[in-house]
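Using the sequences and the hints given, assemble the complete structure.
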Amino acid sequence: MSQVILAGMCDYFRRMFLTNVLERGSQEVVLNDISASTGVLLVNYLYSGNIDITQLNAQDLLAASKMLLLGALKKKVEDFLLSHTDSVNCISIINLARLYDLKLLLADARNYLHEHVKEIIETEEMHLLQEGDLIEVLEANASQEENFLFIQKWMKSVEGRTDRFEDWMQHVSLSQCSKDFVCSTVIAEKLMHNTRCLSSRVHAVKRISRSTQTTVTGCG
74 MSQVILAGMC DYFRRMFLTN VLERGSQEVV LNDISASTGV LLVNYLYSGN
124 IDITQLNAQD LLAASKMLLL GALKKKVEDF LLSHTDSVNC ISIINLARLY
174 DLKLLLADAR NYLHEHVKEI IETEEMHLLQ EGDLIEVLEA NASQEENFLF
224 IQKWMKSVEG RTDRFEDWMQ HVSLSQCSKD FVCSTVIAEK LMHNTRCLSS
274 RVHAVKRISR STQTTVTGCG
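Each residue of the sequence shown is one higher than the one before, counting from 74 in the numbering used here.
Just to be clear, a hint being listed does not mean it is correct.
Claimed, not checked - Restricting the straight-line Cα-Cα distance to at most 20 Å, the calculated cross-link-like pairs of lysine-lysine (PhoX-like) are:
{"hint": "1", "residue 1": "Lys147", "residue 2": "Lys176"}
{"hint": "2", "residue 1": "Lys176", "residue 2": "Lys149"}
{"hint": "3", "residue 1": "Lys191", "residue 2": "Lys139"}
{"hint": "4", "residue 1": "Lys229", "residue 2": "Lys176"}
{"hint": "5", "residue 1": "Lys191", "residue 2": "Lys176"}
{"hint": "6", "residue 1": "Lys191", "residue 2": "Lys148"}
{"hint": "7", "residue 1": "Lys226", "residue 2": "Lys191"}
{"hint": "8", "residue 1": "Lys226", "residue 2": "Lys263"}
{"hint": "9", "residue 1": "Lys191", "residue 2": "Lys229"}
{"hint": "10", "residue 1": "Lys263", "residue 2": "Lys252"}
Claimed, not checked - Per label pair, the in silico range of CB-to-CB distance:
{"hint": "11", "residue 1": "Ile124", "residue 2": "Gln249", "range": "45 to 53 Å"}
{"hint": "12", "residue 1": "Ser121", "residue 2": "Glu188", "range": "32 to 40 Å"}
{"hint": "13", "residue 1": "Gln132", "residue 2": "Thr258", "range": "31 to 39 Å"}
{"hint": "14", "residue 1": "Glu195", "residue 2": "Gln132", "range": "18 to 26 Å"}
{"hint": "15", "residue 1": "Glu212", "residue 2": "Leu142", "range": "15 to 23 Å"}
{"hint": "16", "residue 1": "Glu212", "residue 2": "Thr258", "range": "28 to 36 Å"}
{"hint": "17", "residue 1": "Leu129", "residue 2": "Glu188", "range": "24 to 32 Å"}
{"hint": "18", "residue 1": "Asp106", "residue 2": "Gly233", "range": "25 to 33 Å"}
{"hint": "19", "residue 1": "Val231", "residue 2": "Glu188", "range": "18 to 26 Å"}
{"hint": "20", "residue 1": "His200", "residue 2": "Ser121", "range": "37 to 45 Å"}
{"hint": "21", "residue 1": "Gln249", "residue 2": "His187", "range": "12 to 20 Å"}
{"hint": "22", "residue 1": "Val231", "residue 2": "His266", "range": "18 to 26 Å"}
Simulated from the structure, these hints should not be mistaken for lab results. Values in this document were obtained by computation on a predicted structure and should not be read as measured data. Using N, Cα and C, we set each Cβ at its ideal position, and we do this for glycine too.
Below, the structure is given as structure tokens:
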């Protein structure tokens, strides 16, 4: 592709050729941070305006669009990801949208996360969720049982997170969980066997006792 066409289609190259004498006199342009396969897609895009976006190349194209100041391409990738968000990739898309300042995609992926907590708990991406996004989920989701499971899975997905289990449990109201859930899941969690969490557990059992009008001393 000639430098004239590159400069006409892309601000990055126009600035390069105006300011860099070495590149301007060369017959080729070297972009060290862009792979060969992505480079081919970009050349075709600059010629035709068309590009084949997939879930495999979307992140590379976003990185290239940022580097080469290709705002229209960035928007194309965002539109593609908006229509391909699901429970499997939702968390990685949130992180990607934040990294490349894709506000519409970030809002959409967050909404998807909040509406599909139960499915996302079972995905392999849980370890990628950032703390701020975890808090948003806990504050937005009405199901305290789902919130407990969400914290439980998130904490155990990365080494070192369990140290703050007590802090995150402050966002869960165990008294709103069912007796079966408290007895089968909450009490079975070893991280609940500490002073602060034990207090929450006792409170939950007392609430169950009052609601069923029976004397409950444990979950037998």
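Outcome of the hint check:
1. Lys147 - Lys176: Measuring from Cα to Cα gives roughly 12 Å; hence the hint holds.
2. Lys176 - Lys149: Distance ~14 Å between lysine 176 and lysine 149 Cα, so the pair holds.
3. Lys191 - Lys139: Since the Cα atoms of lysine 191 and lysine 139 sit roughly 34 Å apart, the hinted pair is violated (cutoff 20 Å).
4. Lys229 - Lys176: violated, 30 Å
5. Lys191 - Lys176: Not OK: lysine 191 and lysine 176 at ~25 Å, beyond 20 Å, violated.
6. Lys191 - Lys148: Roughly 30 Å between the alpha carbons, so the hint for lysine 191 and lysine 148 is violated.
7. Lys226 - Lys191: holds, 11 Å
8. Lys226 - Lys263: Given pair lysine 226, lysine 263 holds - Cα atoms ~13 Å apart, limit 20 Å.
9. Lys191 - Lys229: holds, 17 Å
10. Lys263 - Lys252: holds, 18 Å
11. Ile124 - Gln249: 45 to 53 Å: Given about 49 Å between the Cβ atoms, the range holds.
12. Ser121 - Glu188: 32 to 40 Å: holds, 37 Å
13. Gln132 - Thr258: 31 to 39 Å: holds, 36 Å
14. Glu195 - Gln132: 18 to 26 Å: About 24 Å separates the Cβ atoms of glutamate 195 and glutamine 132, which means 18 to 26 Å holds.
15. Glu212 - Leu142: 15 to 23 Å: violated, 37 Å
16. Glu212 - Thr258: 28 to 36 Å: Hint violated: Cβ distance 21 Å, outside 28 to 36 Å.
17. Leu129 - Glu188: 24 to 32 Å: At roughly 26 Å between Cβ atoms, glutamate 188 and leucine 129 fall inside 24 to 32 Å, so the hint holds.
18. Asp106 - Gly233: 25 to 33 Å: holds, 32 Å
19. Val231 - Glu188: 18 to 26 Å: About 24 Å separates the Cβ atoms of valine 231 and glutamate 188, which means 18 to 26 Å holds.
20. His200 - Ser121: 37 to 45 Å: holds, 39 Å
21. Gln249 - His187: 12 to 20 Å: holds, 18 Å
22. Val231 - His266: 18 to 26 Å: Taking Cβ atoms as reference, valine 231 and histidine 266 lie about 21 Å apart, which means the hint holds.
Checked against the numbered hints above, the structure breaks hints 3, 4, 5, 6, 15, 16 and satisfies the rest.
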